[in-house]
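A.B. asks: Given next are the chains, with one letter for each unit.
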Amino acid sequence: MSANTLRQGINDFVIKVGNVNGTGSASANELLMKAIFRMGVPVVGKNIFPSNIQGLPTWYEIRVTGEGHAGRAGGVDLMVAMNAETYERDLESLSPGGVLLYDSTWPRPHFLSRSDITVIGVPLSKMVNAAFKVARSRILMKNMAYVGAVAALLDLDMQVIHGMVEDMFKAKQKLIPANVEALALGFDYVKENYEAPLPFHVKALDKTDGKVMIDGNTAAALGCVYGGATFGAWYPITPSTSLMDGFQKYCDMLRVDEKTGKNKFCIIQAEDELAAAGLMIGAAWNGARAFTPTSGAGISLMSEFIGFAYYTEIPTVFFDIQRVGPSTGMPTRTQQCDINLCAYASHGDTKHIVLYPSDPGECFTMAVNALDLAERFQTPVFFLSDLDIGMNDWMVDELTWDDNYQPDRGKVLSKQELEEIDTFYRYLDVDGDHIPYRTLPGTHPKGAYFNRGSGHTKYGTYTEDGPEYKEVVDRLLAKWKSAADAVPAPIISNSETKASFGVIAIGSSNGAVNEARQKLEAEGVHLDYMRIRAFPFNQDVEDFINDHDVVYVVEQNRDAQLLNLLLIETNVPREKLLPILHYSGEPLDYRFVYKELLEATQMRKTA
Amino acid sequence: MSSFIKPKIRRKNEPVNDLGLIRSDYDGAMSTLCAGCGHDSVTAAMGRAFFELSIEPHRAVKVSGIGCSSKTTSYFLKEAHGNNTVHGRMPSVATGAFAANADLTYIGVSGDGDSLSIGVGQLIHAMRRNVNMLYVLENNGVYGLTKGQFSAAADIGSTAKKGAVNQLPPIDPVALAMSVGASFVARGFSGDREQLVPLIKAGLMHKGFGLIDVISPCVSFNDHKGSTKSYEHTYKYYHKSVHADYVPPSKEIKAAYDDGKTMDVELHDGGTIRLRKTDKDYDPTNREHAMKRIMASGGSDEVLTGLLFIDEQQPDLHQRKNMEDRPLNEIPYAELNPGAAALKELQKGFR
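For the protein sequence lines, the chains are A and B, in the order given.
Taking my numbering, the leading residue of the first sequence gets 1, the next gets one more, and so forth.
Taking my numbering, the leading residue of the second sequence gets 1001, the next gets one more, and so forth.
Just chain B, with the same shape it has in the complex (with noise of 0.2 Å):
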């Protein structure tokens, strides 16, 4: 079996973006996913959000592990080099892609199991060192690929398809996120493009860290009843709480900052995310206040979606580093040679 080519179909009137290229230029191969899988619905959100902030699609470079989720980084823009690591290690991968070149914009797709069992290590360490990229991390509360085994992202007494109930506590990777210093931190449903789609390109455009976590119901394993991470359950408790949208550097802002309840942020290229809050006196910017909150819809079951905290002025890793502009392949051999001279100075210590 060889993957399937989606057949490209342009319409007449078709939208086209910044650099002229239309939505379809922006897909991948078919996904070889199951039908209603939420996984499918955020592969096109991605691709949707790439076409709208018109990214090159070859500047773009997407990274996976493994899983259905890491799965799709196949299913969205084609023209993009992409890396489909080993169970769990996307991030170090991801890492050190982006620290040997940083003008490229980095995406990266897991899933629970992939990001919080067998990778949390690698993740919580790409998040301290605040690699420039947007993690997307579609969960589900289940193994999907192996048929259906609980993740550490399954609720307390949410059941499996057969009737187990899992009885370790979740790990909340928004908790997670906010406790080891990312700064982007959001929760998205794959059942809510309106809000995901602007979240995604809000994540892309934050100069740092981004993690999405996307409640994303796998079909197959874990959308019955007594499942917490199912479609209905999800619809149910679903809160929306702060809605982000990017506004690029050429257009005009206009702010409404008295009702509290909107509230720009400034990035690095001139642009801005305008956050809506629903929740009037929710703080994104406010690391101790966010973590408050979203501790406190942990103990629910409140679905806290929306941008939940955002900083934008920590250094990302090439800051850090202080690594000159230029990525590294593009720096001539010349300037990396000391020369020989060079190596008969500094030996005269070895004598």
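Next up, chain A with everything else stripped away, as it sits in the complex (with noise of 0.2 Å):
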């Protein structure tokens, strides 16, 4: 190979590694990620991986970015082929200047027919069969042989690798051994055969201080756990169902008591979504902290009970890990599309609360203010976060947690104060601020009333009488709105220079956005960045796109869904918000943003 036509670059750089489902290659490319992680560069890795057990196609990305960026960059620089199946993709995504290393043990000659990259040819499947008698072990030491080889190539610290195997083999110790030959069979072929590192490799830096790998998903369940839940319900679904996982292990972990080793929480596996949204309702209405994970069509299933629960006014979250719709779609791929969804779902007049988390740090805060806003306003609460977020790795600042939190549970009566009161009405607006008071049964008998998804007037009680159903109703509204001031506000970011161009962008946007943002800016571009963080949208946002002549609307979707939704619930001029639209089901990238944005910005400045 000649070193010349290779792209240079310490710490910047994309790798993929593209091979076949089922074959645990997931833990080979968490090991490579992380030894990168260790070595204390930023890292940010995407899973793209199909709705399937065995034998299809799955690609693990990781971008090694000294910078920190965030987001996905775009293109693929080290390329390791491992699905014959795909070869002919991952070759044509390679970016000029790119490595393709694949399994020589057959020759590939026709990799040739690109002159403008490298092709680096390891006979792992020879090297491994040769050492390892096991079938099932052959095809798992293939990955860690892979994983020495772009050690090799990248200047990776084996010494973390080693020690990071030791880690994942705690409980099975003599599987230790075996993996480490594995690696060394890679590392050193590719040190025998070829120039390595290469020019573009790893370069020990102390970025990751105080950071960890975690997704979003996980760091959900932690929040449900220190937030205080105590019971959830749920429908398996991706790319949600780790939610629910993360809050089982960790309230096994964490939530049982030691004297009895009886549980302090309570999660059902519902029979489908709609009884999972029951089983929360039922859970609410009782004085629990309850939530339920999901995704777009489980949303869709539960929203009759949605307007229950908004009508009624139990407290409940949703968490919506949106996946690619409309029907099943595609499970396993990425998408803001429940936007307009979860703002409005049910029928009828019903308006959430919705929040919109940007990574994993957030998905941990927003959990327990999701499940703080549910009590304080007693409704239904969507956290709307994204395969992206939900599934993959993301480096984010360690979570921190503040113990002299103390739940706001909203205003719910005691004994005591049912005790000291004349009558109880549910519905009443006592306080002038559109919350009403709420008793838990069983609590006293002048707590009790009568829920009822039917008319009801501000007493409790049933009616079809049009002004007293109007008078429940336009408190709910008045009630949804004094949201705006409680919610997390949106965070501003402006430009060096007074922009008259304006971004805006919600979730796992953020990453790619900013970073297009930054690349502009240094290009003489300049655009304030308002990333919203929640719904209903404060005066902020407003103001916002007021203070500029035109805003462009980044999002993963295909209708413009953040944009409709800004159009709808503010006042602004349609002309002025523009789309930028991305819904292919990959994550977003820096990339496509920065070309959209350059070219839409000279577009009007040429205009």
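Pairs of lysine-lysine residues, derived as DSS-like cross-links and limited to a Cα-Cα distance of at most 27 Å, are as follows:
#: 1; chain 1: A; residue 1: K498; chain 2: A; residue 2: K576
#: 2; chain 1: A; residue 1: K351; chain 2: A; residue 2: K576
#: 3; chain 1: A; residue 1: K207; chain 2: B; residue 2: K1344
#: 4; chain 1: A; residue 1: K249; chain 2: B; residue 2: K1344
Facing chain A, from chain B, some residues (calculated, C-beta under 7 Å):
#: 5; residue: H1058
#: 6; residue: R1059
#: 7; residue: A1080
#: 8; residue: H1081
#: 9; residue: R1089
#: 10; residue: S1092
#: 11; residue: V1093
#: 12; residue: T1095
#: 13; residue: G1096
#: 14; residue: A1097
#: 15; residue: N1101
#: 16; residue: L1104
#: 17; residue: H1125
#: 18; residue: K1321
#: 19; residue: L1336
#: 20; residue: F1350
Note that these hints are calculated values from the structure, not bench results.
Idealized CB from N, CA, C, for every residue including glycine.
Please assemble the complex out of the two chains, which come individually in their own frames, going by the hints.
C.D. replies: Printed below as a string of structure tokens:
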């Protein structure tokens, strides 16, 4: 190979591993990524996997970013092509100057069809088959062997990798030597046959101190544990399943009474999403902090119950880990396609509180916010994450907890308080803040009321009378509006120079938008940026739009759902908002945003 | 229109229960169902059962779905919390509520439309989980509130008011309950209070899921000739198989086991359900045996009633979930917060 055609650059490139799913490659890829992370170099990992258990193509992408960017870069610099079925696609996806590593046990001369890349063949299968006898272990060891090969190419610290292998097999120590041997097979072969490391490689830094690699679902699960949730109901659905897995794991670890061995929580796997919503509503009505994790299809199924909880004012938290729709869509791909669905879920006039976390760090804090807001406003709260945040490991600041935190349980009348009042009416706005008092079953005879999804008066009694009905739903609207000042405020980053252009985004688009903006700023294109964090929108949102001539709304769906929500819920002129849409199902990358923003702003300037 | 408040009248020498409450303390709002509706008799029976068991009204929870029967939860126990949920989904709300607080007494009221069509899935799963509640299924074979469509409980050959003949096989809630492991299965008749009140009491005191299928004729849409859920038809083919009485812990039990017609089942609270059997050989504690008898009855006109199956040993949802005794809402946050140090410690695995 000739080094002069190779891409240069330390700690700034993209590795992609193409594999067949079900072959155990996930742990090998995690090993690769964490090794770089442990060398103090920031990474961005994306698992691009099929809706399947075994045999279909799967990719794992690791961006090495010494500067600590949070989004994808776009492009591939080192392709580890382990799946013969996708060789062609994998070859094509390489950026000029890139390197393709493949298993040369079966040579593929056609790889030479691209002159702008370098091909590195390592006879992985041949070496592994010679070294290991059991068929299943050969498959796993081949994964370790490519990790070794990549380690040689990228100058990864083998001591770090060995340390991680020891951690991985803490419980099965006898597997360590074989794995170390497999690593060496790949490592040594590359060292002996190629010039390694490559011109682009990893160099240790100290930029991951105080950071962790964590996925959003795990972080949200921890948020539920720390926020004091005691009840979770769910129906398995990708990509939300790991949220409840996490809640179960940490409850088993942290919420079992040491003396009695009894649980201080309850998790029920429901028969479907309708039941999951009903279970949560029942538990919440009875005073437990309750939640349900699901995805868009689940929200569709839960919609009737969502209206019930809205109208009867039962605090409930719906975690929607979005995936590609409509219908079954692409269950293992990411999108921001439930923005409209969650804002107004259910029939009749319904409006909800929605939170938009942008990374696992915010998943942790916003899960707690969601539980508090639901009880304070006695209403459904939606936590709108997505597959990218929920299932990928992100590098974020280590999660911290303030032990002085007390849950905001909202207005719940105690036995004592009920004893002292004359009469309790469930839906009366006693304090003039649009939030009534509630009581929990079994507390006191005076607290009893009949919870109903049918028309009710402010006293909680049945009605079919127009004015009586309106009085209650008007208060519900006022209550929802008042939440605008209680939800997480938008984060606005202004350009160094006064900008006439603005950008708006939510959630997982944040990293790519931030990076694109930085790059544009360096090139003299100034854009102010507002990341909206919740719905209802507060006044800052409308002000930001009014303060700019044009505002680009970057989002991951076809129909510009966020843009349309802004048009419905603010008074800004329609022509001010322009969409930048990405909805392929892959996580957003900064190059896409950069290109779109550059073209859009240049067109404006020349127009 | 608002709901009606029933006037409270207290008579001289009115009987009081152990709490000093009178029967009308267990009343609710005035019923708005049709005159003669079977459901009103069931409502009265439920009120009486709670009264006789001396359950504090505010420690009871009433849940229901949608339909005529589901409306009735507001017609008794006005001091109990009620939750009139969405169509066919009461079991999930009841299950969640029970999970959060096992200390209250739960009664669900539903109908054959709510339970056997739109809600059949949820009913089945609540039974599988053995939620500690009594589920009263007021069964009239017809959709009353939407004016007379057949329900899934209608028998083959039963006719609608306007003459249509039902051709689909019925879902028998009792057979269904047996097949999915319900731990208390009974059938009653709104026209037989002597049998129904004790059945409800036994079902309330049973630890686990109790289902009572109550034949409760719809006078407006399914009480005509040709209907198999009419008063006339039910009276004609009515068969009382096993009568159940609840005997509280304090009362002395006088047993007469030898005749094969009496049988006692001990409950978790120390009380007993005393069974008096018409059919000497019927064993309501043997699922296989009971199932056979129920299936045989299903193929005939017979309306087999009484406590048809009971299993007091099945762990309920709370036990299966290994939950602690305190209701979830009574566990102080200090006990739920693992603390900042634990968070720091567990994140070592994320590096």
